[in-house]
Amino acid sequence: MREIDVKQITDVVRRLCIEANQDLPADVQNAIRCCRACEDWEVAQNVLDKIIENFEIAKEEQVPICQDTGMACVFLEIGQDVHLTGGSLSEAVDEGVRRGYEEGYLRKSVVRDPVRRGNTGDNTPAMLYTELVPGEQIKITVGPKGFGSENMSAVRMLKPSAGLQGIRDFILETVEAAGPNPCPPIVVGVGIGGTFDKAALLAKKALMRPVDVPNPDPFYAELEKEMLEKINRLGIGPQGFGGRTTALGLNIETMPTHIAGMPCAVNISCHVTRHKTEVI
Amino acid sequence: MERHITLPLTVELARTLHCGDTVYLTGEVYTSRDAGHKRMCEALARGEQLPFDPENATIYYVGPSPAKPGQVIGSAGPTTSGRMDAYAPTMMSVGARGMIGKGARLPEVVDAMKKYDSVYFGAIGGAGALLAKCIKKCEMIAYEDLGAEALRKLYVEDFPTVVIIDCEGNDLYEKGRADYLASKKPI
Numbered sequence: 001m002r003e004i005d006v007k008q009i010t011d012v013v014r015r016l017c018i019e020a021n022q023d024l025p026a027d028v029q030n031a032i033r034c035c036r037a038c039e040d041w042e043v044a045q046n047v048l049d050k051i052i053e054n055f056e057i058a059k060e061e062q063v064p065i066c067q068d069t070g071m072a073c074v075f076l077e078i079g080q081d082v083h084l085t086g087g088s089l090s091e092a093v094d095e096g097v098r099r100g101y102e103e104g105y106l107r108k109s110v111v112r113d114p115v116r117r118g119n120t121g122d123n124t125p126a127m128l129y130t131e132l133v134p135g136e137q138i139k140i141t142v143g144p145k146g147f148g149s150e151n152m153s154a155v156r157m158l159k160p161s162a163g164l165q166g167i168r169d170f171i172l173e174t175v176e177a178a179g180p181n182p183c184p185p186i187v188v189g190v191g192i193g194g195t196f197d198k199a200a201l202l203a204k205k206a207l208m209r210p211v212d213v214p215n216p217d218p219f220y221a222e223l224e225k226e227m228l229e230k231i232n233r234l235g236i237g238p239q240g241f242g243g244r245t246t247a248l249g250l251n252i253e254t255m256p257t258h259i260a261g262m263p264c265a266v267n268i269s270c271h272v273t274r275h276k277t278e279v280i
Numbered sequence: 001m002e003r004h005i006t007l008p009l010t011v012e013l014a015r016t017l018h019c020g021d022t023v024y025l026t027g028e029v030y031t032s033r034d035a036g037h038k039r040m041c042e043a044l045a046r047g048e049q050l051p052f053d054p055e056n057a058t059i060y061y062v063g064p065s066p067a068k069p070g071q072v073i074g075s076a077g078p079t080t081s082g083r084m085d086a087y088a089p090t091m092m093s094v095g096a097r098g099m100i101g102k103g104a105r106l107p108e109v110v111d112a113m114k115k116y117d118s119v120y121f122g123a124i125g126g127a128g129a130l131l132a133k134c135i136k137k138c139e140m141i142a143y144e145d146l147g148a149e150a151l152r153k154l155y156v157e158d159f160p161t162v163v164i165i166d167c168e169g170n171d172l173y174e175k176g177r178a179d180y181l182a183s184k185k186p187i
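These protein sequence lines are chains A and B, in that order.
Under the working numbering, think of the first position of the first sequence as 1, with each following residue one higher.
Under the working numbering, think of the first position of the second sequence as 1, with each following residue one higher.
None of the hints are false.
Here are some chain A residues pointing at chain B (derived, C-beta under 8 Å):
id	residue
1	50
2	105
3	180
4	237
5	242
6	271
7	272
Listed next, with one range per pair, are the computed distances between beta-carbon atoms:
id	chain 1	residue 1	chain 2	residue 2	range
8	B	15	A	40	31 to 37 Å
9	A	210	B	170	36 to 42 Å
10	B	184	A	87	56 to 62 Å
11	A	40	B	27	31 to 37 Å
12	A	84	B	136	44 to 50 Å
13	A	233	B	158	33 to 39 Å
14	A	219	B	184	25 to 31 Å
15	A	195	B	145	36 to 42 Å
16	A	23	B	2	31 to 37 Å
What the hints contain is simulated information worked out from the structure, not anything from laboratory work.
The C-beta atom is built at its ideal place from N, Cα and C for all residues, glycine as well.
Construct all of the structure, not just a fragment, from the sequences and the given hints.
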């Protein structure tokens, strides 16, 4: 049994909120630079150059890469031999978000009620996901998620008879419908299986995996590669102005599901796909 | 074609801009997004004046991040314009002629643009740190309680945009993609 004070979690969440918003992950940076090298359409090359210049300025000057500094999605993998002390875990996470968004000059983009609106003023609450795992450590991942791309995401309850082709069609249909809106080049997170809600969570988790790390199952790794190529033949291009580079990466996460179903979720993310992880 | 223009956006100037043109804007623009547009359109419905003179005005769909000490404004890239589609024709009807944002517009917005000689400029979505460098002044003018969504007057210099939809209704999202795909077809 290891005791961890939740104040430690507050501090890590605070720091990761700021770092994630100022420093684009290396995998996304590399993907953008690789796509720029392969892009042969002039308008697209110019947009990608600006995008690279932008994330370089953000890191250098320690300012947000994008003004939509997102809802703070926080994933905690908590070792089951950890005993949390010092107060409420969810309050500690929210306090980390509150401090991070204030100290980092990040935009407060959360409303307290979905219909009646009203900004909470501190970007809380976090979208918190906890998972119990073996061990006595806590793995903390913060992924600020912008809504230009979130709004273009979709879940569909496919019939098992739709098979692999049904999944391919749904992914392409969702990317096509998103068009220029989610700030392409995009990153596509796909969740297949589980229940209605689990599929969506898998898709979000897929966005937390670096784009240069394929699914460990060769069947899905192949599908990731195939779908990324298909998306990059659509011609939408950076910002939707036309070109090869519509997506930087596509990650698939799966889990078992019911005999009657094949839920599939497509979570779209922009070229500012952010995630930072720390283990305590 | 590359153009450097000075705002306000008159009818005459708007008619010289074409879909696909790279246009660097200098002059005053007003920031507004979801909540600000809702308030402005409600004010107009009550017969009230807007907090600024909309004649030939350009509205930038943006909710900037807070300025750090020494900065004019925080990161300030465009938000998705489609959410303002419900309000844009009303804004054009009172004289607002330019819109800066990103993403597709509804046919009724394009119809209003043709009717009122308006131009839809695209700025690079997600390039907020870069675009903020072209913003030289920022003044709060109304709805301060809305935070990032408050109405601000900005002075921009050589602010980089591309004409996405011109006042004849030509759309770069359709044209750019079609041109690219046509270039990939075997001859």
